[in-house]
Amino acid sequence: MPVAIKMIRENASSQEKKQFLEEAKLISNFRHKHVLRSLGICLDADSPLIILELMEAGDLLKYLRENQAFQPSDPHALRLQDLLAMCEDVARGCCYLEEQHFVHRDLACRNCLISGRNRNNRIVKIGDFGLARDIYQDDYYIMEGVTPLPLRWMAPESLKYRKFTSKSDVWAFGVLIWEITSLGEHPYAVKDNSEVLQYVCEGGKLPKPLNCPSTLYQLMKHCWSAVDDRPNFILCLENIVIMRHNIEDATLSTTDTIRHAEVNRS
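According to my numbering, the sequence shown holds residues 2 to 267 in order.
Rather than coming from a laboratory, the hints here were simulated on the basis of the structure. There could be a bad hint or two in this list.
[Unchecked claim] Okay, the calculated beta carbon distance ranges per label pair: (1) 8 <-> 57: 13 to 21 Å; (2) 20 <-> 215: 38 to 46 Å; (3) 3 <-> 163: 37 to 45 Å; (4) 124 <-> 29: 15 to 23 Å.
[Unchecked claim] Cross-link-like lysine-lysine pairs, in silico, DSS-like; alpha carbons within 30 Å at most: (5) 18 <-> 34; (6) 34 <-> 222; (7) 63 <-> 222; (8) 192 <-> 222; (9) 7 <-> 26; (10) 164 <-> 7; (11) 161 <-> 222; (12) 192 <-> 63; (13) 7 <-> 19; (14) 206 <-> 192; (15) 161 <-> 209.
Computed from a predicted structure; not experimentally measured. C-beta: ideal position from N, C-alpha, C; glycine also.
Please build the complete structure, drawing on both the sequences and the hints.
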């Protein structure tokens, strides 16, 4: 059985090693089709590691961005129903984590993994819970005396008060849907981190991607409501399942998606 190995960096502090092991022990208890499975833990004090199931297509963000180069006629090119299926897979994993009273704090496409390119058996799973930070360092904002934060995926209450709940995960899920429907564009790409912080705290929202159905964008905006008005993940999932049944499949316009993002950066 092929596996993936996650190791902590060589010069990690004792506190980082402790957090790594605590996280590893926690996720070892998860059992769900759409949450990456931990197969084992090595508790070596100097170089602890986690043994994970292998997801051959890698992380979802890279997968989406690679699709921008495909022509619609390519058999591996994503279609609208593929994007909705990805959203549904992540929503199902989030429902499970919500039931387990687990707050992810770092829900994003870079932290989701995909099994393969064959749409008939392709599965998306929520990945290794913050262990992807070394890969996408630019997605994290370092404030003085604070652990690096995924600012562009964070809810206003998390930005202002460092408050993380299932409802802040719902906000991040809305941004993740935006990533999926924009084929991996960077949220708030024209703004620097300080501008994003101000924009989000003042009520700013991401624009609708061209490949995104209006009903799905309405769900995104619901996820970006005030904290008490946000849906839970069960409601998010129910909405996405209904959309998958009611929305006709269609090819995606990768050129228009990129052009749309460039317009929003100007």
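Checklist entry - Between residue 3 and residue 163, does the beta-carbon spacing fit 37 to 45 Å? => result 39 Å, holds
Item to check | Pair hint residue 63 and residue 222, alpha-carbon separation not exceeding 30 Å | outcome: 25 Å, holds
Checklist entry - Are the Cα atoms of residue 18 and residue 34 separated by 30 Å or less? => result 28 Å, holds
Checklist entry - Under the criterion that the straight-line Cα-Cα distance not exceed 30 Å, is the pair residue 34, residue 222 satisfied? => result 27 Å, holds
Next on the checklist: Tell me if the beta carbons of residue 20 and residue 215 are separated by a distance inside 38 to 46 Å.
Outcome noted: For residue 20 and residue 215 the Cβ distance comes to about 41 Å; the hint holds.
Checklist entry - Given the hinted pair residue 7 and residue 19, is their alpha-carbon gap at most 30 Å? => result Status holds; Cα separation ~15 Å.
Checklist entry - Is residue 192 within 30 Å of residue 63, Cα to Cα? => result Status holds; Cα separation ~22 Å.
Checklist entry - Given the hinted pair residue 161 and residue 209, is their alpha-carbon gap at most 30 Å? => result 25 Å, holds
Next on the checklist: Given the hinted pair residue 206 and residue 192, is their Cα-Cα distance within 30 Å?
Outcome noted: Holds: residue 206 and residue 192 sit about 13 Å apart, inside 30 Å.
Checklist entry - Does residue 222 lie within 30 Å of residue 161 when you go C-alpha to C-alpha? => result Measuring from Cα to Cα gives roughly 20 Å; hence the hint holds.
Checklist entry - Holds or violated: are the alpha carbons of residue 164 and residue 7 at most 30 Å from each other? => result 28 Å, holds
Checklist entry - Quick one, are residue 192 and residue 222 close enough, alpha carbons at most 30 Å? => result 20 Å, holds
In the structure shown, no violation is registered for any of the earlier numbered hints.
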